[in-house]
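For the record, the sequence lines run as chains R and H. Note that the first sequence covers residues 1 to 162 in the working numbering. Note that the second sequence covers residues 1001 to 1410 in the working numbering.
What the hints contain is simulated information worked out from the structure, not anything from laboratory work. Misleading hints may appear alongside valid ones.
Calculated cross-link-like contacts (lysine-lysine; reagent style DSSO-like; alpha-carbon spacing at most 27 Å) [as the list claims (entries may be wrong)]: (1) R/Lys135 / R/Lys104; (2) H/Lys1155 / R/Lys104; (3) H/Lys1151 / R/Lys142; (4) H/Lys1155 / R/Lys142.
To be clear about the criterion: a stretch of chain R counts as covered by chain H if any three or more of its residues have a C-beta under 8 Å from a C-beta of chain H, and this derived list gives those stretches [unchecked claim]: (5) 44 to 52; (6) 59 to 66; (7) 73 to 83; (8) 105 to 114; (9) 144 to 155.
Here the structure is a predicted model, which means the values were calculated and not measured. Yeah, the Cβ is synthetic: ideal placement off N, Cα and C, and Gly gets one too.
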Amino acid sequence: MTTHVYPIDHIDTDRIIPGKYTKTLDLSQLAAHVLEDLDADFAKNVQAGDVLVAGGNFGCGSSREQAPIALKAAGVSVVVAEYFARIFFRNAINIGLPAVEIGKHDILPGHAVQVDLQASTVKNHTTGRTYTATKMPTVMLKILQAGGLVAYLREHGQYPTE
Amino acid sequence: MSGQTLSEKIISQHCGYAVQAGELAIVPIDGAMATDATAPFAIRAFRQLADAPRLWDAQKVSLILDHATPAPNERVANLHRLLRDFSAEQGCHFYDVGEGICHQLMVEFAHVKPGDIFLGADSHTPTYGALGAFAVGVGSTDLAAAWLTGKTWLKVPTSVKVEITGTLSRGVSAKDVALQVVGRLGIAGATYETVEFCGSALHDWTLASRMVLANMVAEMGAKAGLVDVTGLQLPYAWTPLHADPSAQYRATHSVDISHLRPQIARPHTPDDVAPIDELLGTPIHMAFIGSCTNARLEDLQVAAQILRGKHIAPGVRLLIAPASRRVFNAALLDGTIAALSEAGATFLVSGCGPCVGSLGGIPGDHETIISSTNRNFRGRMGNPHAHIYLASPAVVATAALAGEIANVEA
Ligand code: SF4
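Work the whole structure out from these sequences, hints included.
Spelled out as structure tokens, the structure:
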């Protein structure tokens, strides 16, 4: 498991997956170009179970669900950010990609990071600091626990209430 | 209890009880739309949601081909087929290649009305706040769930009030006001919130100009934008709703536009905004008038006024994609298209095209583009090595004429 850290703010959906690649239902195509304008080697290096860490407002810009889908298809198991842009946040949870908001953090490339989804914590072993994730609205938590919105609605027939 | 913001009021009406910012609500929606960029994944999710699913109300659902039109390759052509077939199967509204940009069509064909709650699988859905609708951009799976249930869940947003006063100078337009506000509030300045615009300056604004303002709330991370409907003219009967005077806002800004200069967003973020004076003389290679922000009749007319009887600079290409077929037809009839074409403009299909880099007008490496669109993120127009400046149609047309960023003659 590798942690990929891009400690910058406002990584927009055009950088997560450029619009020119989004016109497909082929997940391997999305995975092949994920984050390419930010880091041309990311798609090559990423492996199943990896963690992505970013600064604030991650996923701003377009509503394209292809952004979290591309990350998930490439193998990213959880995205950690100071905070997420609104539509990206909902989309990630809706497709069952955990998105963890931890506020301002000191995580840098090369740091050893451990995410505990059960305990809602992110530990930076390099600096020794532990971050507690911002509490998600219950409705999102229930959707995430079900594995996404499709799975939730199939099972319950209606949206979760608090 | 204090009064309600317009967002709280519209959501309360849909819930049947009074809600306040911060509360979670499950609301019935009045309409939903998706495009060739977002509908394929929505259709896929929809088919997984239930066995042989049906739209909750086919008359309230629209599908639009606008993001990559006409199909540039067989892969996209097959996605277009998927949307055509799905629309026929479900009996919903369908707008084929060349009809126009989704947001323009939703307003032109009155699929969205004041006081509605509307979901669009596109981040510029808040554009319909121009006519007082609470319109929110969502992803494909959220949209699929709404197609099935006719409802969505949302957190009632806090609102930021932006009061606009004064009178615009000649050569300055709604886009300059929008850029000024985006520059001031920043790209995350209204994340998860509604930006509610009001103020005497807006009372005589056209619907088209109001749409520019509501459109660009997406560039501040907002969930919705609402423009107070005072003075708004619509071709059908409707009941105006306003925020209560005692409504609570998270923040209030006032913008006096009397002395506003044309504004330009520099590469590579829409909130890096400067007055034109700081950028005069910047050479440009391509100029684009298009998108859901600025490609309506009034925008094309402004460009024609500047370019009529003249010709764009050598070495510059000017591309224009009218917002819809209706806009194109109106501009044909009044001579606007002829004036622009004679001046050297190239017309593209009514749709998104260059705005999102899906086809047509992809810039070359290290080229500079001036564009009437809403986003200039790196790679937005299909090439990460190009530099995109955002401006009003008047500034774009003037730059095409001069070959560089130049003052708009008032
Ligand atoms: S014109 Fe541009 S911003 Fe508007 S919907 Fe199309 S791609 Fe999005």
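Verification of the supplied hints:
1. With a C-alpha separation of about 15 Å, the suggested pairing of R/Lys135 with R/Lys104 holds against the 27 Å cut-off.
2. Restraint check: the Cα-Cα separation between H/Lys1155 and R/Lys104 comes to about 24 Å, which is no more than 27 Å; the hinted pair holds.
3. This hinted pair checks out: H/Lys1151 and R/Lys142 have alpha carbons roughly 18 Å apart, not beyond 27 Å.
4. Between H/Lys1155 and R/Lys142 the CA atoms are separated by roughly 15 Å; this keeps the pair inside 27 Å, and the hint holds.
5. Here the segment 44 to 52 of chain R counts 0 residues with a CB under 8 Å from a CB of chain H, which misses the bar of 3, and the coverage is violated.
6. As drawn, the segment 59 to 66 of chain R meets chain H at 7 residues by the rule of a beta-carbon pair under 8 Å; at three or more, the given contact holds.
7. Judged by the Cβ-Cβ criterion of 8 Å, the segment 73 to 83 of chain R is not covered by chain H as claimed, because only 1 of its residues qualify and three are needed.
8. A stretch counts as covered by a chain when three or more of its residues have a beta carbon under 8 Å from one of that chain; for the segment 105 to 114 of chain R and chain H the count is 0, and the coverage is violated.
9. Here the segment 144 to 155 of chain R counts 5 residues with a CB under 8 Å from a CB of chain H, which clears the bar of 3, and the coverage holds.
Going down the numbered hints, you'll see the structure goes against 5, 7 and 8, while the others check out.
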